[in-house]
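Asks: So the chains spell out like this:
2 protein chains.
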Amino acid sequence: MPKLDFDVITLGHGSGGVLTNKLLKSGVFDLLKNPLLDTHHDGAVFELNGKTAFSTDSYVISPIFFPGGNIGELAINGTVNDLAMCGAQPKYLSLSFIIEEGLKMTEFWEVLVSIKKAADTAGVQIVTGDTKVVEKGKGDKLFINTAGVGQLMSKANIDMNQVKPGDKVIVSDSIANHGIAVMSIREGLEFETSILSDTRPLNGIVGKLIEEFGYDIHLLRDATRGGVASVLNEIAQDAQVGIEILQKHTPVDPEVEGACEMLGLDPLYVANEGVFMIIADAQIADDIVQMLRTFEGSKKATILGEIVEGHKRQVILQSAIGGKRVLNMLVGEQLPRIC
Amino acid sequence: MPKLDFDVITLGHGSGGVLTNKLLKSGVFDLLKNPLLDTHHDGAVFELNGKTAFSTDSYVISPIFFPGGNIGELAINGTVNDLAMCGAQPKYLSLSFIIEEGLKMTEFWEVLVSIKKAADTAGVQIVTGDTKVVEKGKGDKLFINTAGVGQLMSKANIDMNQVKPGDKVIVSDSIANHGIAVMSIREGLEFETSILSDTRPLNGIVGKLIEEFGYDIHLLRDATRGGVASVLNEIAQDAQVGIEILQKHTPVDPEVEGACEMLGLDPLYVANEGVFMIIADAQIADDIVQMLRTFEGSKKATILGEIVEGHKRQVILQSAIGGKRVLNMLVGEQLPRIC
Numbered sequence: 001m002p003k004l005d006f007d008v009i010t011l012g013h014g015s016g017g018v019l020t021n022k023l024l025k026s027g028v029f030d031l032l033k034n035p036l037l038d039t040h041h042d043g044a045v046f047e048l049n050g051k052t053a054f055s056t057d058s059y060v061i062s063p064i065f066f067p068g069g070n071i072g073e074l075a076i077n078g079t080v081n082d083l084a085m086c087g088a089q090p091k092y093l094s095l096s097f098i099i100e101e102g103l104k105m106t107e108f109w110e111v112l113v114s115i116k117k118a119a120d121t122a123g124v125q126i127v128t129g130d131t132k133v134v135e136k137g138k139g140d141k142l143f144i145n146t147a148g149v150g151q152l153m154s155k156a157n158i159d160m161n162q163v164k165p166g167d168k169v170i171v172s173d174s175i176a177n178h179g180i181a182v183m184s185i186r187e188g189l190e191f192e193t194s195i196l197s198d199t200r201p202l203n204g205i206v207g208k209l210i211e212e213f214g215y216d217i218h219l220l221r222d223a224t225r226g227g228v229a230s231v232l233n234e235i236a237q238d239a240q241v242g243i244e245i246l247q248k249h250t251p252v253d254p255e256v257e258g259a260c261e262m263l264g265l266d267p268l269y270v271a272n273e274g275v276f277m278i279i280a281d282a283q284i285a286d287d288i289v290q291m292l293r294t295f296e297g298s299k300k301a302t303i304l305g306e307i308v309e310g311h312k313r314q315v316i317l318q319s320a321i322g323g324k325r326v327l328n329m330l331v332g333e334q335l336p337r338i339c
Numbered sequence: 001m002p003k004l005d006f007d008v009i010t011l012g013h014g015s016g017g018v019l020t021n022k023l024l025k026s027g028v029f030d031l032l033k034n035p036l037l038d039t040h041h042d043g044a045v046f047e048l049n050g051k052t053a054f055s056t057d058s059y060v061i062s063p064i065f066f067p068g069g070n071i072g073e074l075a076i077n078g079t080v081n082d083l084a085m086c087g088a089q090p091k092y093l094s095l096s097f098i099i100e101e102g103l104k105m106t107e108f109w110e111v112l113v114s115i116k117k118a119a120d121t122a123g124v125q126i127v128t129g130d131t132k133v134v135e136k137g138k139g140d141k142l143f144i145n146t147a148g149v150g151q152l153m154s155k156a157n158i159d160m161n162q163v164k165p166g167d168k169v170i171v172s173d174s175i176a177n178h179g180i181a182v183m184s185i186r187e188g189l190e191f192e193t194s195i196l197s198d199t200r201p202l203n204g205i206v207g208k209l210i211e212e213f214g215y216d217i218h219l220l221r222d223a224t225r226g227g228v229a230s231v232l233n234e235i236a237q238d239a240q241v242g243i244e245i246l247q248k249h250t251p252v253d254p255e256v257e258g259a260c261e262m263l264g265l266d267p268l269y270v271a272n273e274g275v276f277m278i279i280a281d282a283q284i285a286d287d288i289v290q291m292l293r294t295f296e297g298s299k300k301a302t303i304l305g306e307i308v309e310g311h312k313r314q315v316i317l318q319s320a321i322g323g324k325r326v327l328n329m330l331v332g333e334q335l336p337r338i339c
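Taken in sequence, the protein lines are chains A and B. For the first sequence, the working numbering assigns the number 339 to the last residue and increments by one with no breaks. For the second sequence, the working numbering assigns the number 339 to the last residue and increments by one with no breaks.
Please keep in mind that the hints were generated in silico from the structure rather than gathered at the bench. Just to be clear, a hint being listed does not mean it is correct.
Unchecked claim - Quick list of the computed label-pair ranges, beta carbon to beta carbon:
#  : chain 1 : residue 1 : chain 2 : residue 2 : range
1  : B       : Asp120    : A       : Asn34     : 42 to 50 Å
2  : B       : Phe65     : A       : Glu212    : 47 to 55 Å
3  : A       : Gly166    : B       : Lys22     : 26 to 34 Å
4  : A       : Gly166    : B       : Glu212    : 56 to 64 Å
5  : B       : Glu212    : A       : Asp159    : 41 to 49 Å
6  : A       : Asn49     : B       : Glu255    : 30 to 38 Å
7  : A       : Phe65     : B       : Lys104    : 30 to 38 Å
8  : A       : His249    : B       : Phe65     : 48 to 56 Å
9  : A       : Gly332    : B       : Gly137    : 14 to 22 Å
10 : B       : Lys104    : A       : Gly258    : 56 to 64 Å
11 : B       : Lys104    : A       : His311    : 35 to 43 Å
12 : A       : Thr294    : B       : Lys164    : 37 to 45 Å
13 : B       : Asp120    : A       : Tyr215    : 47 to 55 Å
14 : A       : Glu296    : B       : Glu212    : 55 to 63 Å
Stated by the list, open to error - Think about it this way: if two alpha-carbon atoms lie no more than 25 Å apart in a straight line, the pair counts; the simulated DMTMM-like pairs of lysine to aspartate or glutamate are:
#  : chain 1 : residue 1 : chain 2 : residue 2
15 : B       : Lys51     : A       : Asp287
16 : B       : Lys22     : A       : Asp159
17 : B       : Lys91     : A       : Glu47
18 : B       : Lys117    : B       : Asp38
19 : B       : Lys25     : A       : Asp159
20 : B       : Lys3      : B       : Glu47
21 : A       : Lys22     : B       : Asp266
Glycine is no exception: its CB is placed at the ideal position from the N, C-alpha and C atoms.
Can you build the whole structure from these sequences, using the hints too?
Replies: Set out below in structure tokens:
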């Protein structure tokens, strides 16, 4: 951390004046340094050609530090992954802070360092940003927004309209780790094993999948808020199809399953930050799973179910003991501020 | 407003589940409708070619409704203007909400309608977004982030390195209206006249200026947080030049000047949302002012001063009575949460 003559963020750091400049110039700009950010203009200018993907998310996770990560890397990985789910390679990100007055500079710096590391890992540059400060009690330590642009991969054809009966539904890894990791620390629960958030960039894996399987990959979605069940419900509704999944094929780590039972949560509704769903042509589904399993971060990939002709707009779960039931979208809020 | 079975926003509206879908599908998507947003994917995909500008800002203004506008149009105009200041025509915006639980749906809807209107006026499309909800007491009604992309105008050459001694400093309109409008309602002050925020899109005016004067416009900056004085100080520092301005040339409406005196504020430090600074070649400065004065929203345009060889990195103000003093960057925070 750079030597600074302040320990906490104050309202003046959001004034646009001397303190804002001090905060940015004594550290932030140096840490995130790149030629586009270095212009210090109201925005960044770069060359883009062809089809561009554009996405944004705000992050309000509480607490801002959790097992396996913090709000900073979450904010980078989240937008990187949203772009990857569009079939794009993320390139440039914006970064905007809403800081509650009183945030410790050491905490802010730790988040910033994670942001830098996550951006480097994902291969993206932070090129423009904003810093606002609100009074104590009008925020909660730190909210972050990122937006990002990326270039569509030439072989990508991700489109809701491509989803058709017979397609397979693949899940990239074991689920519910992120939500349970955050819950464990938030509720002061102690689990026997240490469950970590799965926050990670997915653009590397997605890039290789699209390179290899191109047009046969019909849809990609990361299973964040609302978990796998809510994402599948959205797909069923938007693509006007039925979906059937097999509970026994749902990859859940034993310690996560145990924690879910203890907390009364269904892992299918718990948020992930590094797990995604793939809807693909049946013929290549096994090959996709094989390829996913060669990567760290998708070792537990499996075919979860399929798109069906019947019961349009519904997701049906076949339970481990053979019964079938409708898997609804998440009702209410199980885990507020999980991302 | 669409008929909804809820009156206030609850945590569940940020869950990613049923309530989030209900909020978006019963109204928001319809109101902001366009083919890119209609895909309901994690991001939007569009064609962009050539040089692209990218910018973001978060808006935390309090109160969210103020004389002359609300946080919604501010969030659209702000990012539109940041892109315009890069010499770009804004095209696509992202829109991200952080809502405090309990926000009245009528208030949220009023903001949304303003967003739609402002986007239409500026000629931009909202193509992707996000909604988060935080617990009561962990936010303040509504924070908004927008990010935007636009295409650089072919004749634009906005660059800090272009700024050179002899260039003129032009201000596009009378200053300090936004800050004083917000202060008037926040502090429960009653002024004899009603001062309104100057929030407005500047891309139309900027487009015409660049079309006409192209490479002779060296730098554009909107004078938001920290006001004209802070922006000029940033330019002096980043471009390593001196700046001299004449107080008597500073356009301030009489009622704003009166309010500033009453509140002990210097209008040069008060935030604007529709005023920008132009650094341009001296030969065309008068022509720029003439052109600006033909537009609604820049009728008071004037040459405020010039870039000088001496006292590098400093802004010098020549007072109405002839004395000279250094005009420093804003120290501390005069008007917290003004944007």
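Asks: Compare the structure with each hint and give your call.
Replies: Taking the hints in turn, this is what the structure says about them:
A hinted range of 42 to 50 Å for the beta carbons of Asp120 (chain B) and Asn34 (chain A) is inconsistent with their spacing of about 35 Å. One distance hint, 47 to 55 Å for the beta-carbon pair Phe65 (chain B) and Glu212 (chain A), holds here, with the actual separation near 53 Å. Range check, Gly166 (chain A) to Lys22 (chain B): about 31 Å between beta-carbon atoms, so the 26 to 34 Å window is met. With their beta carbons about 59 Å apart, Gly166 (chain A) and Glu212 (chain B) fall inside the hinted range of 56 to 64 Å.
For Glu212 (chain B) and Asp159 (chain A), the Cβ-Cβ distance of about 43 Å falls inside the hinted range of 41 to 49 Å, so the restraint holds. A hinted range of 30 to 38 Å for the beta carbons of Asn49 (chain A) and Glu255 (chain B) is inconsistent with their spacing of about 50 Å. The hinted window of 30 to 38 Å between Phe65 (chain A) and Lys104 (chain B) holds, with their beta carbons roughly 33 Å apart. Judged by the Cβ atoms, the range 48 to 56 Å given for His249 (chain A) and Phe65 (chain B) holds: they are separated by roughly 51 Å.
The supplied range of 14 to 22 Å is met by Gly332 (chain A) and Gly137 (chain B), whose beta-carbon atoms lie about 20 Å from each other. At roughly 42 Å, the beta carbons of Lys104 (chain B) and Gly258 (chain A) sit outside the given window of 56 to 64 Å. For Lys104 (chain B) and His311 (chain A), the hinted distance range of 35 to 43 Å is satisfied, since their beta carbons lie about 38 Å from each other. Checked against the given bound of 37 to 45 Å, the beta carbons of Thr294 (chain A) and Lys164 (chain B), roughly 57 Å apart, lie outside it.
For Asp120 (chain B) and Tyr215 (chain A), the Cβ-Cβ distance of about 36 Å falls outside the hinted range of 47 to 55 Å, so the restraint is violated. In this structure, Glu296 (chain A) and Glu212 (chain B) meet the distance hint of 55 to 63 Å, their C-beta atoms being roughly 56 Å apart. Between Lys51 (chain B) and Asp287 (chain A) the CA atoms are separated by roughly 39 Å; this puts the pair beyond 25 Å, and the hint is violated. The hinted pair formed by Lys22 (chain B) and Asp159 (chain A) meets the criterion: a straight-line CA distance of about 23 Å does not exceed 25 Å.
Proximity of Lys91 (chain B) to Glu47 (chain A) is assessed by CA-CA distance (about 15 Å); at most 25 Å being required, the pair is judged to hold. A C-alpha spacing of about 18 Å is found between Lys117 (chain B) and Asp38 (chain B), which places the hinted pair at or below 25 Å, so the restraint holds. Taken as a hint, the Lys25 (chain B) and Asp159 (chain A) pair is honoured in the structure, with Cα atoms around 19 Å apart against an allowance of 25 Å. The hinted pair formed by Lys3 (chain B) and Glu47 (chain B) fails the criterion: a straight-line CA distance of about 36 Å is larger than 25 Å.
Only pairs whose Cα atoms come within 25 Å are accepted, and Lys22 (chain A) paired with Asp266 (chain B) is accepted, the gap being roughly 22 Å.
Hint violations for this structure: numbers 1, 6, 10, 12, 13, 15 and 20, all remaining hints satisfied.
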